[in-house]
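Asker: One letter stands for each residue in the lines below.
There are 2 protein chains.
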Amino acid sequence: METQPELQALRDSIDNLDAALVHILAERFKCTQRVGELKARLDLPSSDAARERQQVERLRLLARAANLDPDFAEKFLAFIIKEVIRHHETARVRADSSS
Amino acid sequence: METQPELQALRDSIDNLDAALVHILAERFKCTQRVGELKARLDLPSSDAARERQQVERLRLLARAANLDPDFAEKFLAFIIKEVIRHHETARVRADSSS
Chain A
1 METQPELQAL RDSIDNLDAA LVHILAERFK CTQRVGELKA RLDLPSSDAA RERQQVERLR
61 LLARAANLDP DFAEKFLAFI IKEVIRHHET ARVRADSSS
Chain B
101 METQPELQAL RDSIDNLDAA LVHILAERFK CTQRVGELKA RLDLPSSDAA RERQQVERLR
161 LLARAANLDP DFAEKFLAFI IKEVIRHHET ARVRADSSS
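If you read the sequences in order, they're chains A and B.
Per the numbering used here: the first sequence = residues 1 to 99.
Per the numbering used here: the second sequence = residues 101 to 199.
Be a bit skeptical, because a hint or two may be false.
[What the hints assert, rightly or not] Below, computed lysine-lysine pairings styled on DSS-like, alpha-carbon distance capped at 27 Å:
#, chain 1, residue 1, chain 2, residue 2
1, A, Lys39, A, Lys82
2, A, Lys82, B, Lys182
3, B, Lys182, B, Lys139
4, B, Lys182, A, Lys75
5, A, Lys75, B, Lys175
6, B, Lys130, A, Lys75
[Stated by the list, open to error] Chain A regions said to be covered by chain B (calculated; three or more residues, Cβ under 8 Å):
#, segment
7, 3-16
8, 36-43
9, 61-67
For the record, the hints were derived by calculation from the structure and aren't laboratory data.
Glycine residues also receive a C-beta, built at the ideal position from the N, C-alpha and C atoms.
Use the sequences and the hints to build the structure in full.
Answerer: As structure tokens, then:
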């Protein structure tokens, strides 16, 4: 069955935006990986509550300005940070088993 | 305490990428809102399993190419789609209560 043209146009936009999201997320994880390595090298604590509070507040403000639900933006950040922690734990297990 | 300059530079990049993510997400929800309205107008079913399978496969391919965990990309899409469904349900409740 052929997709209705207006629906197809919207789906094409969604696909473009999803590709952008995936690429930005890949770049973000490259940054957090380097943060993890840097913190390990400088012997800094892996979590920083003050920094996380700032991130949440900033993202909620940005979300509001972009007409996105601030609660969703906060949930989204928590979702990503959970993955970052998973990466760091995997990296630590690898480092431990190779030492 | 002053943040170590290399850590600060990485955090600045993360903040820029997060702002990009929030704005792309806001645009994506605008698209899915229009999809919801269009489907309601054309009396099309709200979910489309074939389309969702295509989205998952495509996102996993894009993730692999960008060196992002494909399983994470799939979880990420599921996380967003859950929010889209929540939006559609809220819109339906609003439409019902105003009719």
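Asker: Indicate, hint by hint, whether the structure satisfies it.
Answerer: Now the hints, each set against the structure:
1. With a CA separation close to 18 Å, the supplied pair A:Lys39 and A:Lys82 stays within the 27 Å bound.
2. This hinted pair checks out: A:Lys82 and B:Lys182 have alpha carbons roughly 18 Å apart, not beyond 27 Å.
3. The straight-line distance between the Cα atoms of B:Lys182 and B:Lys139 is roughly 18 Å, inside the 27 Å bound, and the hint therefore holds.
4. Taken as a hint, the B:Lys182 and A:Lys75 pair is honoured in the structure, with Cα atoms around 12 Å apart against an allowance of 27 Å.
5. In summary, the hint linking A:Lys75 to B:Lys175 is supported, as the alpha carbons are separated by about 14 Å, within the 27 Å threshold.
6. With a C-alpha separation of about 19 Å, the suggested pairing of B:Lys130 with A:Lys75 holds against the 27 Å cut-off.
7. Under the rule that three or more residues need a Cβ within less than 8 Å of chain B, the assignment of the segment 3-16 of chain A holds, with 8 such residues.
8. Residue count for the segment 36-43 of chain A with a Cβ under 8 Å from a Cβ of chain B: 3. That meets the three needed, and the coverage hint holds.
9. Given a C-beta distance limit of less than 8 Å, the hint that chain B covers the segment 61-67 of chain A holds, as 4 residues qualify and 3 suffice.
Checked against the numbered hints listed earlier, the structure breaks none of them; every hint is satisfied.
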